[in-house]
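*Asks:* Mind docking chain B on chain A? Use the hints.
There are 2 protein chains.
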Amino acid sequence: MLARRLLSSRLQSLRPFSSETPRVLKPGDVLRQTRIFTDEDVLQYSKVSHDSNPLHFDSEAARNVGFEGRLVHGMLVGSLFPHIISSHFVSPSIALSLNFVMPIVDDAKFKMSCFKNGELLVLGGEALALLQTLTMEERHCKEQ
Amino acid sequence: MLARRLLSSRLQSLRPFSSETPRVLKPGDVLRQTRIFTDEDVLQYSKVSHDSNPLHFDSEAARNVGFEGRLVHGMLVGSLFPHIISSHFVSPSIALSLNFVMPIVDDAKFKMSCFKNGELLVLGGEALALLQTLTMEERHCKEQ
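Residue numbers (the numbering used here), protein chains in the order written: chain A, 28 to 171; chain B, 28 to 171.
Okay, chain A solo, but in the shape it has when bound:
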């Protein structure tokens, strides 16, 4: 499945700090980080998110729907955003809004809501999806 290694793993701050001058955030500051996601990252993320969409593991499945090859989970890529803030500040509270830039022709639009304890809205959003078929997969549903 994930036999080949995509790329070596690396995470770095492109603006290392001097040990003498504490840096204080000011308007216009730029924080940058680079991360190369490995097969192992995708596998581990798939386990914890329970998201085993073949687009992340099967190059042919990904090419069949117009991508160059397997994709890293978008939400794993998105984890860079809170990480870059939490790696520079002590215990920051972070509220994010995110938009995935993906030129898909959507044939299904989902309104998404996530409630804590079935009551408290903690996360809202929208998903545009390109589906191979509108028939829902019994197999997938039964697995859960």
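One should not assume that every hint holds.
One copy or two, either will do: identical chains are not told apart, so a pair holds if it fits within one copy or between any two.
25 Å max Cα-Cα, derived SDA-like pairs, lysine to any residue [as the list claims (entries may be wrong)]:
| no. | residue 1 | residue 2 |
| --- | --- | --- |
| 1 | LYS136 | ASP66 |
| 2 | LYS138 | THR162 |
| 3 | LYS53 | ASP66 |
| 4 | LYS74 | VAL99 |
| 5 | LYS136 | LEU157 |
| 6 | LYS138 | LEU58 |
Calculated from the structure, these hints are not laboratory results.
Computed from a prediction, not measured in an experiment: that's the story for all the values here.
*Replies:* The following block gives chain B in isolation, referenced to the frame of chain A:
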């Protein structure tokens, strides 16, 4: 760190499918899933995302900034959204927009952009953050 177990792990579809009638998605359909995140989920997500913000591990740190206790990473909660779609359809391509509902008084606003190979914008967004201090953590930056 994560000695206590938050809750047992469970993921279920609230609308099990009959094995006889294939279901076809139609306007107005509702897909629901419930997931209870465990300490182990938070730990594993922290490893793969490299996000070790104390708010996710240290109840006191979380209470100090006004939360009832430790928080599950918001992006891990957000992973429910692509998962619920990919668990019902074959190889769906999904573009998401997400908004975290968190009543924080922001003292820093970050514009977030993620580029593939330093060129192609794949993810954009905004983060509102409540920071304990605007001084940037040298320790955190050097670790990377």
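*Asks:* Under the constraints set out in the numbered hints, which ones does this structure not fulfil?
*Replies:* 1 and 3
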